[in-house]
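Trainee: Residues per chain are reported as follows:
Protein chains: 4
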Amino acid sequence: MPEDEFARAAAAIAAAGRRLDRFGWVPATAGNISVRLAGDRVAITRSGGHKGFLGPEGVIQVGLDGAARRAGDRPSAETGLHCGIYRRHPGAGAVLHGHSVPATVLSRLAGETITLAGYELLKAFPGLPTHEAAVALPVFDNDQDIGRLQARIEARWEAGPAPPGYLLRGHGIYVWGADMPQALLRLEAVEFMLRCELEARRLGP
Amino acid sequence: MPEDEFARAAAAIAAAGRRLDRFGWVPATAGNISVRLAGDRVAITRSGGHKGFLGPEGVIQVGLDGAARRAGDRPSAETGLHCGIYRRHPGAGAVLHGHSVPATVLSRLAGETITLAGYELLKAFPGLPTHEAAVALPVFDNDQDIGRLQARIEARWEAGPAPPGYLLRGHGIYVWGADMPQALLRLEAVEFMLRCELEARRLGP
Amino acid sequence: MPEDEFARAAAAIAAAGRRLDRFGWVPATAGNISVRLAGDRVAITRSGGHKGFLGPEGVIQVGLDGAARRAGDRPSAETGLHCGIYRRHPGAGAVLHGHSVPATVLSRLAGETITLAGYELLKAFPGLPTHEAAVALPVFDNDQDIGRLQARIEARWEAGPAPPGYLLRGHGIYVWGADMPQALLRLEAVEFMLRCELEARRLGP
Amino acid sequence: MPEDEFARAAAAIAAAGRRLDRFGWVPATAGNISVRLAGDRVAITRSGGHKGFLGPEGVIQVGLDGAARRAGDRPSAETGLHCGIYRRHPGAGAVLHGHSVPATVLSRLAGETITLAGYELLKAFPGLPTHEAAVALPVFDNDQDIGRLQARIEARWEAGPAPPGYLLRGHGIYVWGADMPQALLRLEAVEFMLRCELEARRLGP
Chain A
1 MPEDEFARAA
11 AAIAAAGRRL
21 DRFGWVPATA
31 GNISVRLAGD
41 RVAITRSGGH
51 KGFLGPEGVI
61 QVGLDGAARR
71 AGDRPSAETG
81 LHCGIYRRHP
91 GAGAVLHGHS
101 VPATVLSRLA
111 GETITLAGYE
121 LLKAFPGLPT
131 HEAAVALPVF
141 DNDQDIGRLQ
151 ARIEARWEAG
161 PAPPGYLLRG
171 HGIYVWGADM
181 PQALLRLEAV
191 EFMLRCELEA
201 RRLGP
Chain B
1 MPEDEFARAA
11 AAIAAAGRRL
21 DRFGWVPATA
31 GNISVRLAGD
41 RVAITRSGGH
51 KGFLGPEGVI
61 QVGLDGAARR
71 AGDRPSAETG
81 LHCGIYRRHP
91 GAGAVLHGHS
101 VPATVLSRLA
111 GETITLAGYE
121 LLKAFPGLPT
131 HEAAVALPVF
141 DNDQDIGRLQ
151 ARIEARWEAG
161 PAPPGYLLRG
171 HGIYVWGADM
181 PQALLRLEAV
191 EFMLRCELEA
201 RRLGP
Chain C
1 MPEDEFARAA
11 AAIAAAGRRL
21 DRFGWVPATA
31 GNISVRLAGD
41 RVAITRSGGH
51 KGFLGPEGVI
61 QVGLDGAARR
71 AGDRPSAETG
81 LHCGIYRRHP
91 GAGAVLHGHS
101 VPATVLSRLA
111 GETITLAGYE
121 LLKAFPGLPT
131 HEAAVALPVF
141 DNDQDIGRLQ
151 ARIEARWEAG
161 PAPPGYLLRG
171 HGIYVWGADM
181 PQALLRLEAV
191 EFMLRCELEA
201 RRLGP
Chain D
1 MPEDEFARAA
11 AAIAAAGRRL
21 DRFGWVPATA
31 GNISVRLAGD
41 RVAITRSGGH
51 KGFLGPEGVI
61 QVGLDGAARR
71 AGDRPSAETG
81 LHCGIYRRHP
91 GAGAVLHGHS
101 VPATVLSRLA
111 GETITLAGYE
121 LLKAFPGLPT
131 HEAAVALPVF
141 DNDQDIGRLQ
151 ARIEARWEAG
161 PAPPGYLLRG
171 HGIYVWGADM
181 PQALLRLEAV
191 EFMLRCELEA
201 RRLGP
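In order, the protein sequence lines correspond to chains A, B, C and D. Per the UniProt record's numbering, residue 1 is the first one in the first sequence, and the count goes up by one each step. Per the UniProt record's numbering, residue 1 is the first one in the second sequence, and the count goes up by one each step. Per the UniProt record's numbering, residue 1 is the first one in the third sequence, and the count goes up by one each step. Per the UniProt record's numbering, residue 1 is the first one in the fourth sequence, and the count goes up by one each step.
Among these hints, one or two may not hold up.
If chains are identical, the list can't say which one is meant, so a pair holds when it fits in one copy or spans any two.
Said to hold, decoys possible - Calculated pairs, EDC-like style, for lysine to aspartate or glutamate (alpha carbon to alpha carbon, straight line, at most 20 angstroms):
hint	residue 1	residue 2
1	Lys123	Asp143
2	Lys123	Asp141
3	Lys123	Asp145
4	Lys123	Asp179
5	Lys123	Glu197
Calculated directly from the structure, the hints in this document are not laboratory data.
With the hints as constraints, model all of the structure from the sequences given.
Mentor: Set out below in structure tokens:
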């Protein structure tokens with residue numbers, strides 16, 4: 001039943017929010033979390049509200065166009081980024097947007113890409129069975145016009161293969177996977193590697 | 001009933017203290033937390049005591065002049081700063097004074113202001129709907145004479161628009177909001193940005 | 001009864017996983033944990049899965065050759081390293097492989113050894129009753145060919161005395177002890193000292 | 001009844017151990033905790049064992065000379081330092097020895113003293129009602145001969161006024177107070193200031 005599917009998705013989203021909050025990755029009202037539902041719908045955290053303390057009312061349904069399915073529900077501005085991932089990547093079943101200190105600091109210093117290489121944890125990413133590969137995470141300038149931002153993101157996806165994640169400058173990271181467990185594992189792996197990068201940079205060139 | 005209102009405020013204050021303690025923002029007996037009550041009264045943490053472990057006796061009532069309403073209650077020295085905020089800012093419903101490592105370290109290095117710019121989390125502050133704005137947090141020298149300190153703070157407020165927060169050098173941060181949830185969100189947002197500033201400074205000029 | 005022994009070992013492994021996760025030492029699916037059983041068998045975390053959330057199905061049995069004892073069980077690639085430790089060191093009763101930020105960052109910068117000296121916590125290691133000794137942890141280049149990696153590790157053990165632990169470059173640390181409590185104490189001690197080393201390096205030469 | 005007094009002291013010690021462990025200040029078997037009892041006796045953590053997981057058997061009784069009161073009880077080597085504090089300072093009711101990363105790193109870099117100045121949290125220390133004072137914490141070279149170490153500590157106390165705490169190089173910090181709550185507050189205050197010192201040093205001269 002669709003209600004059961006939505007209830008399970010909302011529970012998974014709330015649990016993910018608590019784990020992200022434990023790590024300090026959803027400070028204040030930052031971050032958002034979504035799960036793909038059947039019938040071209042998405043369960044996603046509503047606008048505002050602290051993602052570490054989600055109750056049942058904290059998750060709403062939208063279509064792949066980002067529009068709310070129930071009258072009165074307010075999607076966050078960034079819903080469009082989640083839906084852009086689901087439309088482009090049929091295998092994406094869950095999307096996590098976190099807001100950590102390393103992601104924020106490193107994205108402000110980066111150019112168009114942050115490359116992670118030489119880490120065993122790269123194995124969390126598709127097509128990378130060895131630590132000798134590298135993941136090149138795109139970094140996009142932040143933009144309050146989500147439509148315009150999504151267009152730039154899609155242009156980068158058009159230009160060539162890209163990993164299942166990207167950074168928004170000063171605004172955190174988006175990571176996705178086939179389901180919530182995979183998305184959580186990938187986010188945890190990337191955040192670990194970003195923390196290592198930040199520590200390594202402190203030690204000088 | 002006023003007793004119910006006070007009981008609810010005391011519970012909100014104790015819960016806020018536990019969250020601040022989880023972050024390490026109320027070490028030892030540092031920090032204090034207050035909520036505006038009806039009738040020109042304020043519920044505030046009493047002097048001494050660890051703010052992460054507040055029981056019902058840990059919260060007292062004062063007037064907007066900072067004087068205790070019940071015989072024998074001992075307001076902390078900094079009660080005057082809370083009341084100064086409530087007198088000056090009619091929209092302030094809750095005030096949080098936290099004492100984090102980034103706030104302490106950065107305030108000791110700063111001049112009269114710490115400016116936070118380019119962070120998505122700036123949207124937690126009034127009048128700043130985009131990340132392209134900046135928040136200029138005043139920094140005041142610490143002073144054991146709270147009346148004298150409050151006069152300097154009010155002089156800065158007189159001089160021009162100011163955000164709903166300020167730093168005391170080597171002594172932490174004051175943040176306020178319309179109610180406790182908004183105050184907590186603003187404090188979490190500011191502390192996140194201060195942590196980013198500290199990390200960025202470590203990476204050099 | 002062997003089933004009881006295995007059940008107790010699996011419980012100890014799950015508890016160890018929760019403590020390592022609390023420290024952030026088993027991010028994503030990284031890390032693995034094992035306990036020696038009677039009869040040349042080993043209880044070890046299965047491939048994949050987050051080590052902070054192990055259920056009873058998360059632990060399998062292998063022989064000292066690393067092969068699964070039950071049809072369908074999938075040992076992780078690194079099982080060979082755990083078994084190599086048990087074959088070489090008869091006194092080893094538990095092995096912990098953690099994946100912390102300091103271990104990852106420092107191993108990437110190190111040569112063939114990381115030396116820890118002058119720490120009181122060195123007393124956690126055999127033959128070091130005073131803080132004036134030093135522990136020289138071998139550092140090996142990571143390798144997806146576990147057999148080849150184990151051969152290099154055994155060559156180092158052949159070359160002379162070595163402490164009950166080593167680092168894999170960019171891949172974390174292996175530590176062992178007579179039983180799980182001793183292995184946990186040693187891992188906690190080493191990770192503390194690595195954190196101190198990382199902090200000290202940040203302060204310059 | 002003395003048994004009740006000891007039981008209450010053991011419970012306070014275990015609770016303190018859990019809080020210190022939450023902060024990461026009692027890694028592996030490091031650290032120890034004691035409370036003064038009537039009749040020139042002391043309740044103190046026994047040798048070995050993780051101080052974050054103390055059960056009733058984890059606390060023993062010793063005399064002011066450091067000798068165990070019950071046959072078979074093994075005091076830790078550092079019991080002599082606790083007793084030295086109780087003999088010298090009649091007002092000391094509880095002693096905490098913690099082992100944090102900042103205390104370890106800064107003590108290895110320091111000379112004979114670490115001076116903390118300009119922090120509001122200095123008010124946790126006796127005779128310092130303002131933030132404009134300073135606390136000069138003595139730093140002693142570590143020594144496995146506790147009697148010899150205690151003699152050097154007493155020589156420093158003879159030489160002039162000293163704060164209720166000192167550091168052992170590479171080995172952590174000792175702090176005391178009139179009772180366990182005061183000792184815990186002082187330790188939390190000092191550790192916060194040491195964390196600030198470490199952060200400030202990272203930012204350069």
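Trainee: For every hint, state whether the structure bears it out.
Mentor: To see whether the hints hold, each was checked on the structure:
1. In this assembly of identical chains, Lys123 and Asp143 lie within 20 angstroms of each other by CA distance solely across copies; the values are 13 angstroms between and 31 angstroms within a copy.
2. Taking the shortest alpha-carbon separations for Lys123 and Asp141, only the inter-copy value of 16 angstroms comes in at or below 20 angstroms, while the best intra-copy value is 27 angstroms.
3. Taking the shortest alpha-carbon separations for Lys123 and Asp145, only the inter-copy value of 14 angstroms comes in at or below 20 angstroms, while the best intra-copy value is 34 angstroms.
4. Proximity of Lys123 to Asp179 under the C-alpha cut-off of 20 angstroms is restricted to the intra-copy arrangement: shortest distance 17 angstroms within a copy versus 30 angstroms between copies.
5. For a Cα distance limit of 20 angstroms, the shortest separation of Lys123 from Glu197 inside one copy, 17 angstroms, qualifies, whereas the shortest one across copies, 27 angstroms, does not.
The structure is consistent with each of the numbered hints, conforming to all of them.
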